[in-house]
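**Student:** Sequence:
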Amino acid sequence: MAEQVRFIKKTYLRARRKLYPAHEQFRVCMALAFIGGFLEAYTYLLKGNIFANAQTGNFALMAINFAYFKEPFKALYYLIPMSAYVIGIFLTVRMPERFKGRISWYTLFIVIQFTVFVIVGFLPESVPHAFTTVSVSFLCAMQYNTFKACRGVTMSTVFCTNNLRQFAISVAKTMRDDKNALISRGVLYLANIIFFVFGAASSAFLIRVLDTAGLGAEHSIWLCCIILIPVGLRMHFYGHRSSEGGLV
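Counting in this note's numbering, the sequence shown tops out at residue 278, every number present.
The hints are simulated quantities; they were obtained by calculation from the structure and are not laboratory data.
Do not take every clue at face value.
[Claimed, not checked] As a list, the in silico EDC-like pairs of lysine to aspartate or glutamate whose alpha-carbon atoms are at most 16 Å apart:
#1 K77 <-> D241
#2 K77 <-> E155
#3 K178 <-> E54
Could you build the full structure based on these sequences and the hints that come with them?
**Tutor:** Set out below in structure tokens:
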């Protein structure tokens, strides 16, 4: 047992000494995972049961509506966030090339995300849900294809399926032939999932509190704006150089 504890400490300290760019640092990725979970609950609870992050759920819901043939137009409605998602991915491939040497793409994206969330929070209930779901799907796709790794480990900050798979693989490898897998990768995947779930729970809780108080549940998205402020500052000051990527 003592030997295992020493190994964990050694691995952790070695990882702390390694330098990572700002967009791969633990605190940045976990903040974005929280936002990813928050948005998933936000659009589902407030914007017509739409999943804005990963589109798998929307494909299933669209198919179900078509199968029952009760609301064919509602089935087609799911194509809206799907299309926004595709466009968001497309732009993250093309846009960074235009900002080389001018401004960090990561910093610019955080500014765009912050601005859209502020606007969405001001939208009255009379505004069609499509405006919010398209905006959020668009930003989630961009976040997914922009922040693609944490401390050198590939992962997603907008959905959990592959993160859960990779965590299970890390556990299996640790038990078989790679005792470092769980410490170096599995812990990061598990932390990502925990922050995502916490973000979704926080969204549901804040929506209920604001709705009960009559303060407007739509304003709950501004919590994401508050979280993005320190993230954006970190992107601005550390975006062009490596910085220590500790777990705190």
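**Student:** Any hints from earlier that this structure breaks? Give me their numbers in increasing order, please.
**Tutor:** none
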